[in-house]
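Novice: Residue strings, one per chain:
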Amino acid sequence: MRAGGRWDVARLGAVDPKLRALAPNGVREAAIDLAGLETLDTVGAWIIHRTQRTLAAQGIAVSLVGADPTHGALIERIEKSDVPPPLARPEPNVLLEMLERTGRALLEAVRTLGALLGFVGHVVTTGLRLLVHPSRVRMTSLVNHLEKVGLNAIPIVGLLSFLIGMVIAFQGADQLRRFGAEVFTVNLLGVSILRELGGILTAIIVAGRSGSAFTAQIGTMQVNEEVDAIRTIGLDPVELLVLPRVTALVIALPLLTIYADVMGLVGGLVMAVLVLDMTVLQFAERLQQAVPLWSFWVGLIKAPVFGLLIGMVGCREGLAVQGGAESVGT
Amino acid sequence: MRGEVIGIVGGSGTGKSVLLKTIVGLQLPAAGAIEVLGVPITDRRGADGAPIETRWGVLFQGGALFSSLTVAENVAVPLKEHTDLSAPLIREVAAYKIAMVGLPAEAGAKYPNEISGGMRKRAGLARALALDPEIVFLDEPTAGLDPIGAAAFDTLVRDLQRLLGLTVVMVTHDLDSLKAICDRIAVLIDKRVLVGTLETLLVHPHPWIQEYFHGPRARAALTP
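Protein chains in written order, with the numbering used here: chain A, 67 to 396; chain B, 227 to 450.
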């Protein structure tokens, strides 16, 4: 066999299958002539070494001739790195594996529920302790998070509520017109925005913006061993990292909900003026008659609960990170 | 210069890592132009059309292995992306590269978070060497390794550099490495790069260089 030209990783794709398919019949001895090689890299050296080894296993003595000294040294170096591969894992039974995964997932779900419950307890007791010692509340951190989760969310929350308000008013008017009941559009708008949509919309936006941000922040700190550092200094990660974030959400979410309510109603108002030819005054009057104040409170009362849940889940996921990037959020 | 090992040293905050990141094009230089292997870094493609990424290897400080892949898969990534080698050959290449950097064969099947920091570093080197690059950039390759591992690492870099004509650019604080394998040393000092051999730097009058090469640790490492 004669090897020639440039044997490097970019050019060897075609050579390898041929050497792999080599089927010697009755040959007892072979020689690989390397004198024609211009360049040789480790992949080329590996292929030569492997060919030699495979043939040797079939009882054929292979010698390398005419090798340039550096090429020879390279092949020798590669020889030293040829270790038998570890035992391959046995091919798993698909059905069994599926069953195993289902069981694992179930157990994991139960465990997560338990852990989350424990975490909530931990956060609540820490929070109660802070109520007794208010001086330990991390004000700077709290205000910082209030700005991030509350103030900075205002544009997106406002825009979405405004658009939803417009859509409800427009679609509602369209449907109600068939019964000649266009004027009830305001009832529809007022009740749905105030009771449900304002709060749930805000919660969804905040969960996407801030809940995942909490997970990412605390998860990165966990990977950097910052959380461990906090523990060794004698501080409580829950007090330092979790409580300010959760508290910020509990405070910010009701405020954002009120803002979302207002923007939703304004969106509906714009549509009512444009499509239903209402005046602003008529709209306001109608709203006052149709929607009891209680609707507003029903919507608002849920907001702190949403905030608590979003914050708890986000922070726990962050603290549960182990190892690397892949485990964030799973 | 081709086929030489150059070490970059400098105090903390003098910009060693920034220099390395700028050379490989992860950061734009504030001023000036950078060429690697004759290719302006902003072009990323040489005269023969081969992307510059296939001609270099980079080892980051922590190894920077992809955490969703096993070590062997990590090493295989550049091979899969940039070559037309068959899947079995890629597996073999990954296996011998892993052995070459001194990792046990079982390590190939493990995920990065299941192995130690030193092993991650070796695995990172195996990935950097996957395409048999012409030049490798190493960011503190021996930091965090035990002395035996560090010496083995030095020998490995030396071997590869001799056998493959590899050019090596390494940021290092390891005086043993500097002495054992670096042909030339670049010192970052007073916002300039000063290049010299170990011998010329030993007699250089600058106080920081004197302190660096004649401090208590340096004396222990450099006296034969």
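Among the hints, a few may not be true.
[Unchecked claim] Quick look at which bits of chain B chain A covers, simulated, 3 or more residues with Cβ under 8 Å:
id : stretch
1  : 311-318
2  : 371-379
3  : 384-391
[Unchecked claim] In the DSBU-like style, the derived pairs of lysine-lysine whose C-alpha atoms are separated by at most 35 Å in a straight line are:
id : chain 1 : residue 1 : chain 2 : residue 2
4  : B       : 306       : A       : 84
5  : A       : 214       : B       : 417
6  : B       : 417       : B       : 306
7  : B       : 405       : B       : 417
8  : B       : 306       : A       : 146
9  : A       : 146       : A       : 84
10 : B       : 247       : B       : 417
11 : B       : 306       : B       : 336
12 : A       : 146       : B       : 405
13 : B       : 405       : B       : 247
14 : A       : 368       : A       : 214
15 : B       : 306       : B       : 242
16 : B       : 336       : B       : 417
17 : B       : 336       : A       : 146
18 : B       : 417       : B       : 242
19 : A       : 84        : B       : 336
20 : B       : 306       : B       : 247
21 : A       : 146       : B       : 417
22 : B       : 242       : B       : 405
[Unchecked claim] Selected chain B positions facing chain A (in silico; Cβ < 7 Å):
id : residue
23 : 357
24 : 360
25 : 412
These aren't lab readings, by the way, just hints derived from the structure by calculation.
Note that the Cβ used here is the ideal one computed from N, Cα and C, for glycine as well.
Novice: Run every hint past the structure and note whether it holds.
Specialist: Status of the hints after comparison with the structure:
1. 311-318: holds (count 5)
2. 371-379: As far as the stretch 371-379 of chain B goes, the hint is violated, because 0 residues have Cβ atoms under 8 Å from chain A.
3. 384-391: holds (count 4)
4. 306(B) / 84(A): Holds: residue 306(B) and residue 84(A) sit about 20 Å apart, inside 35 Å.
5. 214(A) / 417(B): violated, 38 Å
6. 417(B) / 306(B): violated, 41 Å
7. 405(B) / 417(B): holds, 24 Å
8. 306(B) / 146(A): holds, 25 Å
9. 146(A) / 84(A): holds, 25 Å
10. 247(B) / 417(B): holds, 16 Å
11. 306(B) / 336(B): holds, 19 Å
12. 146(A) / 405(B): Measuring from Cα to Cα gives roughly 26 Å; hence the hint holds.
13. 405(B) / 247(B): holds, 24 Å
14. 368(A) / 214(A): holds, 21 Å
15. 306(B) / 242(B): holds, 31 Å
16. 336(B) / 417(B): The given pair, whose Cα atoms are some 42 Å apart, is violated under the 35 Å limit.
17. 336(B) / 146(A): holds, 22 Å
18. 417(B) / 242(B): Holds, at about 11 Å.
19. 84(A) / 336(B): Distance ~32 Å between residue 84(A) and residue 336(B) Cα, so the pair holds.
20. 306(B) / 247(B): At roughly 25 Å apart (the allowed maximum being 35 Å), residue 247(B) and residue 306(B) satisfy the hint.
21. 146(A) / 417(B): With a Cα-Cα distance of about 44 Å, the restraint between residue 146(A) and residue 417(B) is violated, given a limit of 35 Å.
22. 242(B) / 405(B): Measuring from Cα to Cα gives roughly 19 Å; hence the hint holds.
23. 357: Given a least distance of 6 Å, the restraint on residue 357(B) holds.
24. 360: Check failed: Cβ of residue 360(B) comes no nearer than 10 Å to chain A, outside 7 Å.
25. 412: violated, 27 Å
Hint check: violations occur at hints 2, 5, 6, 16, 21, 24, 25; the rest are consistent with the structure.
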